[in-house]
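Residues per chain, in single letters:
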Amino acid sequence: MMNEPWGKAGPAVAARQVTKTYANGVRAVRSVDLEVPPGEIRAVVGENGAGKSTLMKMFYGLEQPSAGAILVGGRPRVLRGPASAIALGVGMVHQNLMLVPSFTVAQNVVLGVEPGRRGLVDPKAAVERTARLAEESGLTVDPRARVEEVSVGMRQRTEILKALHRKARVLILDEPTAVLTPQETEDLFAAVRRLRDGGMTVLFISHKLREVREISDKVSVMRAGSLVGTVATADATERSLASMMVGRDLSLDVERSPARPTETTLRVRCLGYEAATGQWLHGLDFDVAAGEIVGVAGIEGNGQSELAEILAGLRRPSTGTVHLDGTDTAGLDVAGHRRAGIGYVPEDRLYNGAALDASIADNLVVDRHDRPPLARRGVLYPGAVRAHAEELIGEYAIRTPDPSVPVRALSGGNLQKVIVARELSAGPRLLIASQVTRGVDIGAMRFMYERLVAARDAGAAVLLISADLTELLGLSDRLLVLKDGRLVARFDDTTGLTEKRVGLYMLGVEEHGRDRLTVGLDTLTAGPEDPGETT
Amino acid sequence: MSSVLDVVLSSAFLAAVLRIATPYLLAAFGGLVAERAGISNIALEGQMLSAACTGALVAGYSGSVALGAVSGVAVATLLGVLLAALRLELGADAIIAGIGLNLLASGGTAYAVYSLLDDKGGTSGLKSGSLPSITLPGVENVPVLGDALSGQNLVTWLAFLAAPFVAWLFYRTRFGFHLRAVGEMPDAAESVGIAVRRVQYTGLALSGALAGLAGVFLSMGYVSFFVRDMTAGRGFIALAAVFLGGLRPWGVFLAALGFGAAEALAVQLGTLDVPPQLVSTIPYVMTLVALALYAWRRKRRGRAVPAAASL
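Taken in sequence, the protein lines are chains A and B. Residues 1 to 535 (my numbering) are what the first sequence spells out, left to right. Residues 536 to 846 (my numbering) are what the second sequence spells out, left to right.
Everything labelled a hint here was simulated from the structure, so no lab data went into it. Misleading hints may appear alongside valid ones.
Just a sample of chain A residues kept apart from chain B, beta carbon distances all over 10 angstroms, derived [to be verified]:
| no. | residue |
| --- | --- |
| 1 | S102 |
| 2 | E135 |
| 3 | S151 |
| 4 | T230 |
| 5 | A335 |
| 6 | N352 |
| 7 | E395 |
Taking lysine to any residue and the SDA-like style, the derived pairs with C-alpha atoms no more than 25 angstroms apart in a straight line are [to be verified]:
| no. | chain 1 | residue 1 | chain 2 | residue 2 |
| --- | --- | --- | --- | --- |
| 8 | B | K834 | A | T319 |
| 9 | A | K208 | A | V254 |
| 10 | B | K834 | A | A275 |
| 11 | B | K662 | B | L625 |
| 12 | B | K834 | A | G272 |
| 13 | B | K834 | A | W280 |
| 14 | B | K655 | B | G642 |
| 15 | B | K834 | A | E148 |
| 16 | A | K167 | B | A730 |
| 17 | B | K834 | A | D484 |
| 18 | A | K218 | A | P38 |
| 19 | B | K834 | A | V379 |
| 20 | A | K218 | A | D235 |
Values in this document were obtained by computation on a predicted structure and should not be read as measured data. Here a beta-carbon is modelled for each residue, glycine too, at the ideal position from N, C-alpha and C.
Kindly generate the complete structure, drawing on both the sequences and the hints.
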């Protein structure tokens, strides 16, 4: 494919007074002026809904500006779709990767611009081309491997190779590190720097300020649809960027006193699980005490989701026992788990965290609608439901005009507040919090952190599962690492622990011995063979 | 029992299998193309029926068998495009829209025949002719197969050529490459600049055309008239073959051939001393058993997406 000619000088991409107003009247981007010169890594940061994604979509032709102009290669362009953006040399790596799972890496790389003559595809040329691009760019991939069978890191490299195959001169990376381990992130950054040194212009969208500081040359900050400012990365601190993003001084560091753990609340012994999908858990042994936050780290898909769902009662373990305050939870249904004192913030709040078309008020009572004061003798009291909702909306600062608003209309952060409000107001003995701050803006993130610490201080046992290591290290009193469904590390003191060090365990480079993993745990056997010891 | 074996091993039986499998093969490939394009074509039945009716009527009135066949295929193609439009432009559920098209075809063909010929049963009163049979020179000298292949209808030859054609289309051509990407991951296809809708329209048109060829064979292959509802569920059995074949061309080929063999067996056993009602259930029982087997196998493998053959 031939790229259209670019002007000689000037920015690689630019926005001139760009405004985007959606049909429903929402103004996502307001009069933004942005210029990115060739060969620069420009980070674009902002809270959810700040307009950064919409702006990027306009550069890639997925959205068209309502007013103003998009410039590529120094000239105003009308991008009717990704095809015209690609033709101009703009490539985009989406947050949720756009790959065909049953195709090979090479097939995905060439898709849409296949080598071959007269309507045919030349498979050999596709593999060769992919291998050559991989070698030139340092983005290592196996061209013949099926995408569904390769790691997330390789999938992402495949996406970048896709853009390179299309001769991209501008690369838009939308939250590329969200699913990567620290090591994979470093590799990605090294490759991105190499591309930049070869003349590539990179737009890096992120909300991880530490990574933005590491990778970018300049940072543009967006807030509420407007460009607040652009600063040289060298002159910025995480704190200064955060306050630009939210418009006020805000720190994500949570002040928390040392934990004062008391008696063991959750006791997991020899827990094993075999899922139809092939995801296993093997012989997990750990305790969580009242008054402590125990973090669970691991690359996504190493058993964290299964663990959370087993503890919440949504799946049954194949082997082993789970005790909550001395009660065996085997044989309890999900409602039984809840009555026993388990609260659960699921990782996919849109799928199983809330009933999206039901109101805030209804979502807040789904676990307690059948008892006083909300209901008596099987009859619900709407007034009580509403009062209950209003109380929690106030307490958890849920931004909504009314409790009757369907939760679908809420932003990610506000929806998560509804779920956290429901789970915490039940006064759980054990709170399982899975990816609590995923897709949540900084203000709400901080709010969640404070609430988790408050729940801990009130005597709840908290199991915090997260893909965000910064968050885990900031909140956890103790930290466990899962790899391939097994516990591979246990840190009883998280002070001074670095992300890089935890990353080594997540990747399986290092591993703690069984003694260290189980030190201090009582009776490690569970199951029918010695019932006497488990009591 | 030996009489059954004699029947099954005869070249006459083999010839019957090829003949009876023809509409299953064509319709199943039609279903396969649509399925891989991401829109289930449950309207195969109606497309076949419309093509059968149109073919017989046009051939009868114009006196040209070729014009009839082309018109039949064209109508089914349009129905494929209509299904795509209902799905893509109006956001209708493909299954519901497909059921609607099937009902429309059933009622519409009966109405057309009645209003034109004043006959509620079919077009037997109209002289419409049938498509030619083909005998390759020398083919009858091939042992066993020779007699079976000799004198098969043109459409039967096309049905057997459809398997390599669809496999080639899927795995060697740019269009097939795009079609599979669109069906599996439309967002990914769109993000690389593939015109998703255009691919889906083309796929559904091809799907309708293949089903149309199957329909034309029914009314213009060995008979030369249209009978009301003469497809008798073949479109649905073909759809079963699509899934039983694991959404792959050669798998679908074998499955459709299997259904053809089952029906041929039922026909042959009908001449023996077996209750005909029982015999006529064979293809349908086999469909259910096969689908249960397929589901069981897939469950054991624990994978939902068919791994396409490599590029």
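Outcome of the hint check:
1. S102: violated, 5 angstroms
2. E135: At roughly 20 angstroms from the nearest Cβ of chain B, E135/A sits farther out than 10 angstroms, so the non-interface label holds.
3. S151: The assertion about S151/A holds, with a minimum of 18 angstroms to chain B.
4. T230: Per Cβ check, T230/A is outside 10 angstroms of chain B; nearest 28 angstroms; holds.
5. A335: The assertion about A335/A holds, with a minimum of 29 angstroms to chain B.
6. N352: Since the minimum Cβ distance to chain B is about 20 angstroms, N352/A lies beyond 10 angstroms and the statement holds.
7. E395: holds, 39 angstroms
8. K834/B x T319/A: Holds - the C-alpha atoms of T319/A and K834/B are around 23 angstroms apart, at most 25 angstroms.
9. K208/A x V254/A: Holds - the C-alpha atoms of V254/A and K208/A are around 16 angstroms apart, at most 25 angstroms.
10. K834/B x A275/A: Measuring from Cα to Cα gives roughly 12 angstroms; hence the hint holds.
11. K662/B x L625/B: Distance ~41 angstroms between K662/B and L625/B Cα, so the pair is violated.
12. K834/B x G272/A: holds, 22 angstroms
13. K834/B x W280/A: holds, 18 angstroms
14. K655/B x G642/B: Roughly 11 angstroms separates the two Cα atoms, so the pair holds.
15. K834/B x E148/A: Distance of about 18 angstroms is within 25 angstroms: holds.
16. K167/A x A730/B: holds, 20 angstroms
17. K834/B x D484/A: holds, 23 angstroms
18. K218/A x P38/A: Given that 25 angstroms is the threshold and the Cα spacing comes to 13 angstroms, the pair holds.
19. K834/B x V379/A: violated, 43 angstroms
20. K218/A x D235/A: Cα-Cα ~9 angstroms, so holds.
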